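Asks: Mind docking chain F on chain Z? Use the hints.
Below, each chain spelled out in residue letters.
There are 2 protein chains.
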Amino acid sequence: MTGKLFAIGTGPGSSDLITVRAARLLANLDVLYAPAGRRGGDSLALSIVREYLTDHVVIKERHFPMSTHEDEKESIWDTVAEEIRQDVDAGKQVGFITLGDAMLFSTWVFLLERLQGRIPLEVIPGVTSFACIASRAVFPLAMEQQTMAVVSCTAPEPELEQALQQHDCIVMMKVYGRFSQVKALLARHHLLPNALLMSEASLPNEQCFRQLHEIGDDVALPYFSTILVNKQWLAAEPQTV
Amino acid sequence: MTGKLFAIGTGPGSSDLITVRAARLLANLDVLYAPAGRRGGDSLALSIVREYLTDHVVIKERHFPMSTHEDEKESIWDTVAEEIRQDVDAGKQVGFITLGDAMLFSTWVFLLERLQGRIPLEVIPGVTSFACIASRAVFPLAMEQQTMAVVSCTAPEPELEQALQQHDCIVMMKVYGRFSQVKALLARHHLLPNALLMSEASLPNEQCFRQLHEIGDDVALPYFSTILVNKQWLAAEPQTV
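Chains Z and F supply the protein sequences, listed in that same order.
Reminder that position 58 of the first sequence reads as 58 in full-length UniProt numbering, one-by-one numbering, no gaps.
Reminder that position 73 of the second sequence reads as 73 in full-length UniProt numbering, one-by-one numbering, no gaps.
The set of hints was computed from the structure by calculation and includes no laboratory data.
One or more of the hints may lead you astray.
Because identical chains cannot be distinguished in the list, a pair is counted as satisfied if it fits within a single copy or across any two copies.
With a straight-line cut-off of 20 Å between C-alpha atoms, the simulated DMTMM-like cross-links for lysine to aspartate or glutamate are [said to hold, decoys possible]:
#1 Lys231 / Glu159
#2 Lys231 / Glu113
#3 Lys60 / Asp87
#4 Lys4 / Glu237
#5 Lys231 / Glu144
Computed from a predicted model, the values in this text were never measured in an experiment.
Okay, chain Z solo, but in the shape it has when bound:
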């Protein structure tokens, strides 16, 4: 059998928000590469897919540091890419799982850069976190001729400001650790009533904040926190039925 790598988007967090195609592929893997979890437990990506795996799959957890020296990061990606290449060359069906969608703000691309053209590979898309947040909060994103920007709050503030000025809808990822600055920016543009924040969408601890002006600047937000802005829609809870 010819080996192949499948890069699989796991969706935002709940196991049943993975695609049917991903679920079926996971059941046929020989080897699964997964980001290593913290404190000995499963990573979120691994916990999402665990129910679809068979007993015979070999799980290879690998630690991808977030904020070390560039050289160290490069060297880790090189090493994992080489391991994957060897497994595929040995004829194995190999999976690599990545949160959300596989091609949108995904670190999987660091492996892709090293493996494309060298081994057979296929990418399986997933539900992005911001689509999940919009659904869970029943808060629509762009429609018709409107435009949408997706930005990371780690970007320079003038870029965030430009996106807020020019687009109808703005997805602001990685709010963690930057809430007070982002809140001040939204307030300056009179967009607080049009913004909501969701943490850990589709997970048991999902939290949705619809009144951002009421949240203190020193709030301790979970790591997976995103703000959605829609200039044509109010974030306030609709009347209940």
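Replies: The following block gives chain F in isolation, referenced to the frame of chain Z:
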């Protein structure tokens, strides 16, 4: 049993790119509202979900015109919203299917505006077309601190131009009927080598064009055609294995 409406994103086209949650919900519906197909056949959304439906579900196809007078459109949305409300009030589990994701450039929002706060409802996210295209073409979208814009080619040209100038990645939807103008715009910004066009992603007739400068201005593109631009990535086919 209490009635409820489920607005379900079907994903981009292939039946197995629907979420596991959507597949399970579809099997439990009493009534399914679907856009009417052309020429008597199923609509694409209905063809995607048909394999997950049970025999007892009542399928109510409704025609949503794309380009008639505003008044006529409004009246059709009013009528369908009222039908759905009656089914939910009668205690039924009601589905409404919409291509791609349910909250991103989705006409479902016209029904949501009419039904929110009046009936119990839940939205199930789906894989967006542009995430699917990025995966199928193995062409990544934004990473890390990069920013991405999602625009419709029906928007005024200055808006498209601004998006091309200011973002690292740009998703250009609804290219159909506007290819020559969009191609000229990309050429003016020297972005043709960084752009690819995909039609009918994940469907049997999927087509991917990686050399946009080679496509004639008068090409007959399928209706579902989208251009992805990534300033840090070349669209040319990678070396094969």
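Asks: Using 20 Å as the alpha carbon limit, work out where Lys231 and Glu113 are close: within a copy, between copies, both or neither.
Replies: between (37 Å within a copy, 15 Å between copies)
Asks: Reference check for the pair Lys231 and Glu144, CA-CA at most 20 Å: within, between, both, or neither?
Replies: within (14 Å within a copy, 25 Å between copies)
Asks: Could you place Lys231 and Glu159 in one of the four classes (within, between, both, neither) given a Cα distance threshold of 20 Å?
Replies: Close inside one copy (18 Å) and across copies (17 Å); limit 20 Å.
Asks: At 20 Å max between alpha carbons, let me know whether Lys60 reaches Asp87 within a copy, between copies, both or neither.
Replies: Result: close within a single copy only, 11 Å intra versus 49 Å inter.
Asks: Is it within, between, both or neither when you check Lys4 against Glu237 at 20 Å Cα-Cα?
Replies: Between. Shortest inter-copy distance 18 Å satisfies the 20 Å Cα cut-off; intra-copy 47 Å does not.
The earlier numbered hints are all upheld by this structure, with none contradicted.
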